[in-house]
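> Spelled out, the chains give:
There are 2 protein chains.
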Amino acid sequence: MYAYQAPLRDMQFILHTIAGLEEIASLPNCEDVSAELVSAVLEEAGKFAAGVLAPLNQSGDRQGCRLEQGVVHTPEGWQAAYDQFRDAGWVGLALPQEYGGQGLPKLVSTPVWEMWFSTNMAFAMLPQLNVSQAEALQIAASLEQKQTWLTKVVSGEWASTMNLTEPQAGSDLAATRTRAVPEADGTYKLFGQKIFISYGEHELTPNIVHLVLARLPDAPAGVKGLSLFIVPKYLLDAEGKPSTRNDVRCIAIEHKMGIHGSPTCTLSYGDEGGAIGYLVGEANRGLATMFIMMNEARFGVGVQGVGLAERAYQYALNYARTRVQGRDAITGESGQPILCHPDVQRAILSMRARVMAMRSLLYTAAGWFDLAHHHPDPVIADQYRRYVDLLMPVAKGWCTEVGNEVCDDAIQVFGGMGFVEETGIAQYFRDARIITIYEGTTGIQANDLIGRKILREQGATLYELIAEMQQTEPALAHSAALTQLALPFKTLLTDLKTASDWIVNQDQAQQAQVLAAATPFLYLLGTVCGAWQLARLALAAATKQADSSFDPAYCQSLIELTQFYFHSFGVQASAYAATVRQAGESLIAFDFAQA
Amino acid sequence: MYAYQAPLRDMQFILHTIAGLEEIASLPNCEDVSAELVSAVLEEAGKFAAGVLAPLNQSGDRQGCRLEQGVVHTPEGWQAAYDQFRDAGWVGLALPQEYGGQGLPKLVSTPVWEMWFSTNMAFAMLPQLNVSQAEALQIAASLEQKQTWLTKVVSGEWASTMNLTEPQAGSDLAATRTRAVPEADGTYKLFGQKIFISYGEHELTPNIVHLVLARLPDAPAGVKGLSLFIVPKYLLDAEGKPSTRNDVRCIAIEHKMGIHGSPTCTLSYGDEGGAIGYLVGEANRGLATMFIMMNEARFGVGVQGVGLAERAYQYALNYARTRVQGRDAITGESGQPILCHPDVQRAILSMRARVMAMRSLLYTAAGWFDLAHHHPDPVIADQYRRYVDLLMPVAKGWCTEVGNEVCDDAIQVFGGMGFVEETGIAQYFRDARIITIYEGTTGIQANDLIGRKILREQGATLYELIAEMQQTEPALAHSAALTQLALPFKTLLTDLKTASDWIVNQDQAQQAQVLAAATPFLYLLGTVCGAWQLARLALAAATKQADSSFDPAYCQSLIELTQFYFHSFGVQASAYAATVRQAGESLIAFDFAQA
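First to last, the protein sequences are chains W and Y. Per the UniProt record's numbering, the very first residue in the first sequence carries number 1; after that it's consecutive. Per the UniProt record's numbering, the very first residue in the second sequence carries number 1; after that it's consecutive.
In short, the hints are calculated from the structure, not lab data. You can take every hint at face value.
With the C-beta cut set under 7 Å, the calculated list includes, among others, these residues of chain Y facing chain W:
1) 345
2) 352
3) 415
4) 515
5) 579
Glycine residues also receive a C-beta, built at the ideal position from the N, C-alpha and C atoms.
Using the sequences provided together with the hints, build the complete structure.
In structure tokens, the structure reads:
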């Protein structure tokens, strides 16, 4: 196993160039954000990730979780690590100060979360749930609920869960059956079964705040009849301390391919008279609130993509630098590490290029998120909010698919040693396999992108974004180091524009063809956004190289990396665009009885 | 878990159209091959696969193998299944009759092996080793060795292994250290450690025939100093029966991501005075013989790709037909299975298109193999031998990569149920992960393709194959049903030709760039060969549809499937071609100290 090295240089370079840390630090409520503070936070997080979380990752995978007599046991070391994590204030890093958080911008917390996911995703899913739930509660909960629950969630004293899925209601929440019956005292009693609940039960915190979608007796059918409830594991006494056990129990945990350290629970509500719950927000409006939590979680899962990919890349690079095998194809020298082989170099660069593309996109999106929240000009704030909304399915869908590809490539660099479990890289591959699934599969993201984010507004924000991307082209053309990328970049944008036009201009009769194109279109948009962000990064590198304000060898490597991305991945955009336009036709014609 | 359905219709259609079963049945030594015989063999195999092998696949994965006091225990049911398999004569199906095999063409045995791999790859690896070893022994072993060992290998009475890898010698066999010391009686004593030996030890057969690469005391350095030895687990008595235990022991088995039912052994030779071995063929010429075994195994691993992909496809299709979720996007109807969603249809068709492309390519290559062996015209036989040699790395490299992609897509169709182990699809994904690695990684295949198969002869066979592919273009142009594919097909061939020219025409100074392009070139050639074979299949389907000699709905579905392949996968060829020509440049310029 290779020690984790927090990629601080890459992170800092992106933060201070394309992701706009300086601009965000100048916004209202962000005045405390200084370069020094950010450096200190990232360095501390890097130490914590490498020193506390990374050492537990493989042992957590091997031990997994156990359910015994209703009690879920997490792996050894989880409790001590969580206590340290909570006490250090990491849970509330980017949560509001008024509820006890540190109020840092999302741009600063995103690289920190990347480090948690790089070193121990199964563990980090626990506090990630607190962050997602806090986003929802701070918007929808009552003042009293905030005081009672939100502050404990922000501090990490109590843990959080997110209860949507039921056996018959996965992607289709309209099929939700869990019932909530109003009581005379204003509370509710819940009855039903929820499945696939991450950290649905454990002993790591003295209480767990379940956020549960359920249906009131008089609720309309479908998603417009879902209400949201806080259902604590322990009911609170008069002082607000956990006391009586509520009627919610873990009746099974899943045996999964990966994330063994994270218990995936089946929760049964109301087997003994009803689980007491508290309505959050308005009745029948629960889905909108749950989607705040979901959207936050989706972004986080995208960050899992880059986090896993970064660590897998580090593994592969270390192995390629130390494993001696074969002769250097060029010099004929023997006794060389396999990094001398051009095909291994290709694999390593492919990994690094995609890691940097994902990271650049996610950090830039995190910056947009901050601009949307804090920019004093409502027009500008609204523009960034629309960008974030548009690209959320890309941040989730594309970064998780690419994250899986990078983990796959890492195994390949290890050869046979990648397939055996002892080296640790196999775990990254297995763990990564969940991220294209949970919080909405890639197909669900793609449908969201096409349906809600593009067609609902005839592509308005998409075209706005394309226009913004176009501004990078002349910058490339005028850069001596990057001028040869101007034309390929223009081609990418033309491919994207053509495919977007096709999507937007189909009439209702072509709806199936459009939906058949959703996933290829998501890949197209992700690939082009990745190229755009790397182009911006390379431009910044060229500038800093020219004025010697950053290590010139590093800057040069970013320029080469960007070219490599264009030649290895950017070139796929036209294929995706062609698939978008063409593949639906034969799909519609195909007789699935013959499948 | 869904029952396995042998895809007999697809298999038969390919055999009787593009793969040329009739032509092969007319060759010398193939006279016994009739359509009826082939049908009977495939049907019996399908029953055996579904009835005997499939039910053990998941339990074998769960139980795995155990090493206890030097004895390897395989999963429950393995012994009974192997006894049946051997007694039914499946081991020697395509091995020569003179050694006790049934002598059927490779074209007939290939679909049979596909079924074994579809239903239980971990099990089928055992007899697969017999077949690979038999190919080597029948060419290189002495008459006496053939009588003693080969006949038992062909019958399956004894098992086989293939011993190449050592800790310091993986892809680089020049680093092999195992020593063989000549004895006065003409035998040898072997000393050394071999790792990653599939079925290196077990109790399923009364003896195991290890085929071992080792170095004689006076051997030259490198691969030209490797000799090949038969080292049996038990030495034979005067009647040729296994008696004394030889000095080879299993000292460890690997803990792997998949193929848990197949023990991957570390074998130690000579800890107690030397393992007795018998030289096969000439001294220092062992690698060439081992490569006969290796090449046979590589083709078999390609067949594993389509076998796993077919079963994963069946899983996904069955799940998509039965899992109810969401509304039909077009009709708005609820209560529909998820196969109504265009994105799920896209996933299903993507899987089926690639399965059929791989199957068409592998069966066609199997037919070429038979033509190479049996065609009376030595010029024609030689042409097909060269085709087989050229495409062996594609059959192995491309079909295993695509096989993994299809298994990955199947998980995605299952959503969260794909990540939990109970549904069984996760096992296919885990098992498949080894096939791009063993018998030479995809990178090794790609280097073999570029170096030995193309550059060594300035692309002669490659250009010959491209010229043959070009003959399919006018056929497409003249087919009413397929005329719209003529131009895309021409574009594919142009992309392939341009990339091939680039590869062949680089001078020595560009060697690193060429090797950096090896894997993208392998993908390019695989993608184009897949398109070519599907185009041929669609042409055959159009003909049979026109003359009503086969189910017209099925024929139509093959035409649509081919179009879908062109639009979803064929379009990627130009991206691969661009990567071939461009990506090496930035790779060469990249400073890996900055990685």
